[in-house]
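Protein chains in written order, with our numbering: chain A, 1 to 465; chain B, 1 to 131; chain C, 1 to 110.
Everything labelled a hint here was simulated from the structure, so no lab data went into it.
Glycine included, C-beta positions come from ideal geometry on N, C-alpha and C.
Please note that the accuracy of each hint is not assured.
[Said to hold, decoys possible] Now the in silico label distances, taken between C-beta atoms and shown as ranges:
(1) 394(A) x 95(B): 53 to 59 angstroms
(2) 119(B) x 15(C): 42 to 48 angstroms
(3) 83(B) x 425(A): 58 to 64 angstroms
(4) 37(A) x 95(C): 50 to 56 angstroms
(5) 67(B) x 8(C): 41 to 47 angstroms
[Claimed, not checked] Dumping the calculated BS3-like pairs for lysine-lysine here, alpha-carbon to alpha-carbon at most 27 angstroms:
(6) 44(B) x 141(A)
(7) 71(B) x 28(A)
(8) 124(B) x 24(A)
(9) 141(A) x 50(B)
(10) 191(A) x 4(C)
(11) 191(A) x 28(A)
(12) 71(B) x 145(A)
(13) 191(A) x 50(C)
(14) 420(A) x 351(A)
(15) 46(B) x 141(A)
(16) 24(A) x 123(B)
(17) 24(A) x 128(B)
(18) 71(B) x 128(B)
(19) 100(B) x 141(A)
(20) 28(A) x 124(B)
(21) 141(A) x 24(A)
[Claimed, not checked] Chain C side only, calculated, beta carbon under 7 angstroms to chain A, not exhaustive:
(22) 41
(23) 48
(24) 69
(25) 71
(26) 82
(27) 83
(28) 89
(29) 91
(30) 101
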Amino acid sequence: MNAIIFSAIWGVLMMFTGAFVQSKTLPKYLAITGAALLFLLNGIELYNGTPIFNINGMNMLAITSMNLTFLEVIFAATLLFFMLSGRDVERVGEHVSEYFALIFFVLCGVSLSSTYNTLLLLFLGIEIMSIPLYVLTGADKRNLKSNEASLKYFLMGAFSTGILLMGIAFIYGGNTNASFYIDQIHLGVGKMPVMITVGVVLLIIALSFKVSAAPFHFWTPDVYDGAPTVFTSFMSTIVKAAGFFAFIRLFKTSFGPVQGQWQNLIVFITVATMLIGNVTAVFQQSVKRMLAYSSIAQAGFMLLALFALNQTADDGIILYSAAYSLATIGIFAILIKMNDYTIEGFNGLAKQQPLLGLVATICLLSLTGIPLTAGFTSKFFMLTAAVENGHKFWVVIVAVIFAAISAYYYFRVIQAIYFKEPSSAEPVIDAERVSGSFKILLAITAILILILGIYPEILIGWAHH
Amino acid sequence: MDFFFLQVQAQNSAENYFPIVIQILFAIGLLTLMIFGSDLLGPKRKTADKLQNFESGIEIKGNARQPIAIKYFLVAILFVLFDVEVIFFYPYAINFRALKWEGFLAVVLFVSSFLAGFIYIFKKGALKWEE
Amino acid sequence: MDIKAYIALSLTLFTTGIIGVLVRRNAIIVFMCVELMLNAVNLLLVAFSKMHAVSPAAKASLTYASDAQIFVFFIMIVAAAEVSVGLAIIVMMYRNTHSIDVNFLNRLKN
Numbered sequence: 001m002n003a004i005i006f007s008a009i010w011g012v013l014m015m016f017t018g019a020f021v022q023s024k025t026l027p028k029y030l031a032i033t034g035a036a037l038l039f040l041l042n043g044i045e046l047y048n049g050t051p052i053f054n055i056n057g058m059n060m061l062a063i064t065s066m067n068l069t070f071l072e073v074i075f076a077a078t079l080l081f082f083m084l085s086g087r088d089v090e091r092v093g094e095h096v097s098e099y100f101a102l103i104f105f106v107l108c109g110v111s112l113s114s115t116y117n118t119l120l121l122l123f124l125g126i127e128i129m130s131i132p133l134y135v136l137t138g139a140d141k142r143n144l145k146s147n148e149a150s151l152k153y154f155l156m157g158a159f160s161t162g163i164l165l166m167g168i169a170f171i172y173g174g175n176t177n178a179s180f181y182i183d184q185i186h187l188g189v190g191k192m193p194v195m196i197t198v199g200v201v202l203l204i205i206a207l208s209f210k211v212s213a214a215p216f217h218f219w220t221p222d223v224y225d226g227a228p229t230v231f232t233s234f235m236s237t238i239v240k241a242a243g244f245f246a247f248i249r250l251f252k253t254s255f256g257p258v259q260g261q262w263q264n265l266i267v268f269i270t271v272a273t274m275l276i277g278n279v280t281a282v283f284q285q286s287v288k289r290m291l292a293y294s295s296i297a298q299a300g301f302m303l304l305a306l307f308a309l310n311q312t313a314d315d316g317i318i319l320y321s322a323a324y325s326l327a328t329i330g331i332f333a334i335l336i337k338m339n340d341y342t343i344e345g346f347n348g349l350a351k352q353q354p355l356l357g358l359v360a361t362i363c364l365l366s367l368t369g370i371p372l373t374a375g376f377t378s379k380f381f382m383l384t385a386a387v388e389n390g391h392k393f394w395v396v397i398v399a400v401i402f403a404a405i406s407a408y409y410y411f412r413v414i415q416a417i418y419f420k421e422p423s424s425a426e427p428v429i430d431a432e433r434v435s436g437s438f439k440i441l442l443a444i445t446a447i448l449i450l451i452l453g454i455y456p457e458i459l460i461g462w463a464h465h
Numbered sequence: 001m002d003f004f005f006l007q008v009q010a011q012n013s014a015e016n017y018f019p020i021v022i023q024i025l026f027a028i029g030l031l032t033l034m035i036f037g038s039d040l041l042g043p044k045r046k047t048a049d050k051l052q053n054f055e056s057g058i059e060i061k062g063n064a065r066q067p068i069a070i071k072y073f074l075v076a077i078l079f080v081l082f083d084v085e086v087i088f089f090y091p092y093a094i095n096f097r098a099l100k101w102e103g104f105l106a107v108v109l110f111v112s113s114f115l116a117g118f119i120y121i122f123k124k125g126a127l128k129w130e131e
Numbered sequence: 001m002d003i004k005a006y007i008a009l010s011l012t013l014f015t016t017g018i019i020g021v022l023v024r025r026n027a028i029i030v031f032m033c034v035e036l037m038l039n040a041v042n043l044l045l046v047a048f049s050k051m052h053a054v055s056p057a058a059k060a061s062l063t064y065a066s067d068a069q070i071f072v073f074f075i076m077i078v079a080a081a082e083v084s085v086g087l088a089i090i091v092m093m094y095r096n097t098h099s100i101d102v103n104f105l106n107r108l109k110n
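Just chain A, with the same shape it has in the complex (with noise of 0.2 angstroms):
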């Protein structure tokens, strides 16, 4: 409750500043103070228990441990990326203290829809998490590539949103409860009532659409390519992450008891996922590229979650939203820096700067999920989970191989990283735009993606609070 009140309140803060103020350095300031003050806030709720702005909600949102230590997560990994990424955010266009304030609104979507306890909120959370995301790919008006991204999001975006609805559309007539709340939708006795199949079966398409799962991923290379890169790396880990996140409580809560009809069609979405994300980004030239697949291809992991939903599961994802949101914040802030995106641009990067080398490493590690780093304990849990369910163990055996596929693509940037001569004489990234600061930001990055890998308990002990 807490957040998404206050990150509203942050955004419009942020929209005048930029209508009042003509300083270029004060948003970034103003954006980590109230992302810090975003991090305070919901951890206080989530110790406390009672919310500051305490609304009569009509029962309309979930407030639970569970779901605000996702938030924390959330919040956290705003936190870095402002702090990592917000000399990049100045470097977009003029219009700088608006960006910020279109990430507080995005922040404001995340935080509904991983409290929502009714479909009309979920909605709701979904549409404001979207919205501002249109604007901030095109971000960058005079390049033709960010105007077509946009314009591809936009529309790709409003389409799902038609077809999220219809699905609500339906749930709401075959419900006899007559009730949007996910809690009060009653299944039937037996088999589901074909109203209520039709729209599980649209509802599964729309939010697969959104978290750019397979067959409905096309969108997403295209669209990660084509944003300004600081965007990209907001969109790829906070909001997929949040996209993710409401679409296991939605499915768990309301359609959990009834898992036997619709695990089929996940099935064949996680692998379709997996196969596509994996093997198209192995043929990837431009690592920014490279790691819109890669993120299609984590995605099919995040949706084992759906697939086993149990305890193990929960604790799964908000252990994997954040190993794969600091991973990926990590390697997106070293590649900004560089000059050049594709994978020879890393060519000697560690005989240049040795740290960011070194960081960059740790963070492609986490990725594939080497022993030790955040991603292990992450696809570890997921897996586990998997196991739990009980069902279909070979997609379990399908998830490993994968994995060990995309081994071959994270290692090539290694290799380049520190095998390789630097291909031209200019160096990899300018030194003047890598700053004391942002060294020892990268450093914590690590640092907490291998204290992570060691002791995932911290995260997990908070979310059953």
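Assemble chains B and C onto chain A, guided by the hints.
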């Protein structure tokens, strides 16, 4: 406290819609009468000047389908945004009494967020015509 | 009237919208088709709310059948917000390329 957008009646029969049918018939009848009546009764003088399109007395300036300045789009977009939000006043107007002061405060908050948006676009110069 | 008639009408509109999105090339028409999809949903929601309002089970439960009608308002508002963002994006696109053809969107493929 029951909030209803529409006070739905338990049994809806065709007779309940009878007044609406009467009103529609009356509206159509009146329109037909006025249009054809003025056509039949009115005097007619067809000259070139009279058959021209009426543009408030100003001389006609070519075709209307010409590229329009981008400023019009901006204003149109902002209009759509602010216009449609008014829709939330309808349910409030129906439940005005039942919602008491709490509801009033909510609406004030709602309107003030509009105002914030309006101040923002005003300050940003989105409504400025001359440059 | 039977609820099936409403479902049929709304699904027809919805499918028209989907086909339009997939087939048409003009960005504004694609966008109008999306709006058609949303309006099909609005129609269906209102029809369902009317259907539930007379069913005894819904009356007994805690929630109100008019929820769906409020939902329709929210859909309209969100659609308006989407329209304004979408038109702004299309205008931006037009200023740069002087075209609103979606076939033009292939610069990102490799």
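Hints, one by one, checked against the model:
1. 394(A) x 95(B): 53 to 59 angstroms: 56 angstroms, holds
2. 119(B) x 15(C): 42 to 48 angstroms: The hinted range 42 to 48 angstroms holds for residue 119(B) and residue 15(C), with Cβ atoms some 43 angstroms apart.
3. 83(B) x 425(A): 58 to 64 angstroms: Because 59 angstroms falls inside the window, the suggested range holds.
4. 37(A) x 95(C): 50 to 56 angstroms: Between residue 37(A) and residue 95(C), where Cβ atoms are some 38 angstroms apart, the hint is violated.
5. 67(B) x 8(C): 41 to 47 angstroms: 42 angstroms, holds
6. 44(B) x 141(A): 57 angstroms, violated
7. 71(B) x 28(A): 31 angstroms, violated
8. 124(B) x 24(A): It holds: about 16 angstroms lies between the C-alpha atoms, which stays within 27 angstroms.
9. 141(A) x 50(B): 49 angstroms, violated
10. 191(A) x 4(C): 21 angstroms, holds
11. 191(A) x 28(A): 54 angstroms, violated
12. 71(B) x 145(A): 24 angstroms, holds
13. 191(A) x 50(C): Holds: residue 191(A) and residue 50(C) sit about 25 angstroms apart, inside 27 angstroms.
14. 420(A) x 351(A): 10 angstroms, holds
15. 46(B) x 141(A): Outside the cut-off at roughly 54 angstroms; violated.
16. 24(A) x 123(B): Distance ~18 angstroms between residue 24(A) and residue 123(B) Cα, so the pair holds.
17. 24(A) x 128(B): 24 angstroms, holds
18. 71(B) x 128(B): Holds, at about 9 angstroms.
19. 100(B) x 141(A): 47 angstroms, violated
20. 28(A) x 124(B): Holds, at roughly 20 angstroms.
21. 141(A) x 24(A): 19 angstroms, holds
22. 41: With a minimum Cβ separation of about 4 angstroms from chain A (threshold 7 angstroms), the hint on residue 41(C) holds.
23. 48: This interface hint holds because 4 angstroms falls under the 7 angstroms limit.
24. 69: 11 angstroms, violated
25. 71: 6 angstroms, holds
26. 82: Holds. Min distance 6 angstroms.
27. 83: Hint violated; residue 83(C) Cβ to chain A Cβ min 9 angstroms, cut 7 angstroms.
28. 89: 5 angstroms, holds
29. 91: 11 angstroms, violated
30. 101: 11 angstroms, violated
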